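Undergrad: These protein sequence lines are chains G and C, in that order. For the first sequence, our numbering assigns the number 1 to the initial residue and increments by one for each residue that follows. For the second sequence, our numbering assigns the number 1001 to the initial residue and increments by one for each residue that follows.
Among the hints, a few may not be true.
What the hints assert, rightly or not - The following label-pair restraints were derived from C-beta to C-beta distances:
(1) G/67 to C/1080: 41 to 47 Å
(2) G/67 to C/1150: 40 to 46 Å
(3) G/80 to C/1218: 20 to 26 Å
(4) G/80 to C/1076: 44 to 50 Å
(5) G/227 to C/1017: 49 to 55 Å
What the hints assert, rightly or not - Some chain G residues judged to face chain C by a derived CB distance under 7 Å, without partners named:
(6) 42
(7) 45
(8) 46
(9) 47
(10) 131
(11) 152
(12) 272
(13) 285
(14) 286
(15) 288
(16) 290
To be verified - Distance condition first, Cα-Cα at most 27 Å in a straight line; then the derived DSS-like pairs of lysine-lysine:
(17) G/35 to C/1111
(18) C/1111 to G/74
(19) G/86 to G/74
(20) G/216 to G/193
Simulated from the structure, these hints should not be mistaken for lab results. Note that the structure is predicted; figures quoted are calculated from it, not measured. The beta carbon of each residue, even a glycine, is placed where N, CA and C say it ideally should be.
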Amino acid sequence: MTDVASKIDVKAVLSGSSPQADHSEGMSYLQRLPKRLVQLYLPLGIIVTILLFPFYWMALTAIKPDEQLLDMDKVNPFWTTAPTLKHIEKLLFESHYPEWLWNTMLIAVCATLISIVASVLAAYAIVRLRYRGAQWVGGAIFLAYLVPPSILFIPLATVVYQYGLFDSPFALILTYPTILIPFSTWLLMGYFKTIPYELEECALIDGASRWQILTKIVLPLAVPGLISAFIFCFTLCWNEFIYALTFLQSVQNKTVPVAIVNEFVDGDIYRWGSLMAGALAGSLPLVILYAFFVEHYVSAMTGAVKE
Amino acid sequence: MKARPRQATGWNRLKVNRDWLGFWFMLPAAGFLVLFLAYPLGLGVWMSFTDTRIGRPGVFIGIENYEWLLDDSIFWLSVFNTLLYTIVASVFKFAIGLYLAILLNENLPFKSLIRAAVLIPFIVPTVLSALAFWWIFDSQFSIISWSLKHIGVIDHNINFLGDANWARFSVIFANIWRGIPFVAITLLAGLQTVSPSLYEAATIDGATRWQMFRRITFPLLTPIIAVVMTFSVLFTFTDFQLIWAMTRGGPVNATHLMATLSYQRAIISGFLGEGAAISTAMIPFLLAAIMVSWFGLQRRKWQQGETND
């Protein structure tokens, strides 16, 4: 696996301190500040502002009192003078939000754990057992990664209904792994390939079984990969919409994204505050998780395009 | 590694033979993928040839669903919308994403903070950011209309999600916004593998910035671009959540994509067979995207003179 992607150093992607960084700094003195300002800081500032503005707007709307939301003439809409927690309070105490949060957590954690276990076994088998046809199976898993949920949800809805899983969290716990397994198998295959084969050979000579090799040698060395796969799968579960929309019906069984789209969208002209509070509350858990594991996210993302 | 025939009891063979071991290791993943991915995929194609409705098993009716769709102007509108959405959004995502990646590759103060911030739109659930856009593009209280009115560009609110072309613009804009971080961060990862000494050499030879980009950056980045853009095109083409949260296909079907139309026909109206036919009609496009990816990968192997792995 010597290709462009495997040379990618995740820490370098984030901090920019690639091994060659000191060289590249050597060139930047050629640019003068005004030129740099126009060519670099200005476009970067515009793009980053546009990328972050919707979140500012979301947060601002969530704490704005209703009358300021709709009256844009008296008060500058980009700011609020009287922040209120009313919308957030309504979300937490007058809706099923805690239940939705619990459902989403439960489904995401279960689906992720199932997927990781299945993917570890599959990735190890493909990379290291090299059974007959392993390469073909690897290719098939890559193809499975490319099958999008939006062409599967109709037949899956009938399958889910036949198995009697409709409107139960198991409908999602069992179907999400089809999205997660191809991704995490692919990611873990990349990690397992970096573990020296000699370690396993030593263990085999010492009489270790394949299972012992996997649990005592390979997995401890692949912990960063496992964390990446775990949080990325968790995010994908949280993000998933179409299956959750199709397979769940009762209000209290829904996941956060579906519930906020369906339960807060009514004809009320004053709905925006609580809607944005809901969107914010639905995003925050992921953003917090992200803040702790930025490097793992990037490694999972670049691993996703790694071949 | 096959056990010698004399010692191989059945049990030993299952434990040691790597083909059998591989089989056991693959079983959980294969089970899920066959039961909930391959089987529904086939079932979906089959359903597109039946008149299944919700609560009633269908009978085989041949290609009647497809014949029906061929005459359905809404279906063709959704195909047009999907292609427009995919092509316009992908082009912009690629252009802006690559530009952002190049900018982020420079030496910057607070580099890691900026890079982490750029990824946030990718982390937040798409429907929830789509809701924020729904509010930003509101017909009466849009902050964009307000700002434009304030600086005197327009004199009345833009009906972002009520007018067909503005609605298309709005959903495409939201999709570009959502897709840029993925493209930018993955391409940035590719950019960091390009050795700076190449640029130094080019500078000494008197190359302009554009020449450096055209002759060094772009060729070296081509393989990773191929993969990233295939994923991007694939996920844009099959997008559902963004449209559903922002417009539900409206106004007058102007933003219906094939995925949202199939949801509406199959789940809301109950015509599962017809919905399945719309989904199945997406498969040729997806295959085309996968072929592009495959050829992109072949080219990468050729560039690096590799034969395997």
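Undergrad: Could you run down the list of hints and mark each one as holding or not?
TA: We went through each hint and held it up to the structure:
Against the hinted window of 41 to 47 Å, the Cβ-Cβ separation of residue 67 of chain G and residue 1080 of chain C comes to about 43 Å, which satisfies the hint. Against the hinted window of 40 to 46 Å, the Cβ-Cβ separation of residue 67 of chain G and residue 1150 of chain C comes to about 20 Å, which falls outside the hint. At roughly 46 Å, the beta-carbon separation of residue 80 of chain G and residue 1218 of chain C lies outside the given 20 to 26 Å, and the hint is violated. Between residue 80 of chain G and residue 1076 of chain C the CB atoms are about 46 Å apart, so this pair conforms to the stated range of 44 to 50 Å.
Residue 227 of chain G and residue 1017 of chain C have their C-beta atoms about 33 Å apart, which leaves the hinted 49 to 55 Å range violated. Violation of the interface hint for residue 42 of chain G is found here, the shortest Cβ-Cβ separation to chain C being roughly 10 Å, above the 7 Å cut-off. Interface restraint check for residue 45 of chain G: the shortest CB-CB distance to chain C comes to about 10 Å, outside 7 Å, so the restraint is violated. Nearest Cβ of chain C to the Cβ of residue 46 of chain G: about 10 Å, over the 7 Å cut. The hint is violated.
The beta carbon of residue 47 of chain G is positioned within 7 Å of a beta carbon in chain C (closest approach about 5 Å), and the interface hint is therefore held. A hinted interface residue such as residue 131 of chain G counts as satisfied when its beta carbon comes closer than 7 Å to some beta carbon of chain C; here the least separation is about 3 Å, so the hint holds. For residue 152 of chain G, the interface hint holds, since its Cβ comes within 7 Å of a Cβ in chain C; the closest pair sits about 5 Å apart. Because the closest C-beta pair between residue 272 of chain G and chain C is about 6 Å apart, less than 7 Å, the hint holds.
Against a cut-off of 7 Å between C-beta atoms, the interface hint on residue 285 of chain G is violated, since the closest Cβ of chain C lies about 10 Å away. Taken as an interface hint, residue 286 of chain G checks out: its beta carbon lies about 5 Å from the nearest beta carbon of chain C, inside 7 Å. Violation of the interface hint for residue 288 of chain G is found here, the shortest Cβ-Cβ separation to chain C being roughly 10 Å, above the 7 Å cut-off. This hint holds: residue 290 of chain G has a C-beta 5 Å from the nearest C-beta of chain C, less than the 7 Å allowed.
Taking the CA atoms of residue 35 of chain G and residue 1111 of chain C, the gap is near 19 Å; set against the 27 Å cutoff, the hint holds. Using a Cα cut-off of 27 Å, the hinted pair residue 1111 of chain C and residue 74 of chain G is violated, with the two alpha carbons roughly 39 Å apart. Taking the CA atoms of residue 86 of chain G and residue 74 of chain G, the gap is about 21 Å. The hint holds against a cut of 27 Å. Proximity of residue 216 of chain G to residue 193 of chain G is assessed by CA-CA distance (about 16 Å); at most 27 Å being required, the pair is judged to hold.
Against the hints set out earlier in the document, violations occur for numbers 2, 3, 5, 6, 7, 8, 13, 15 and 18.
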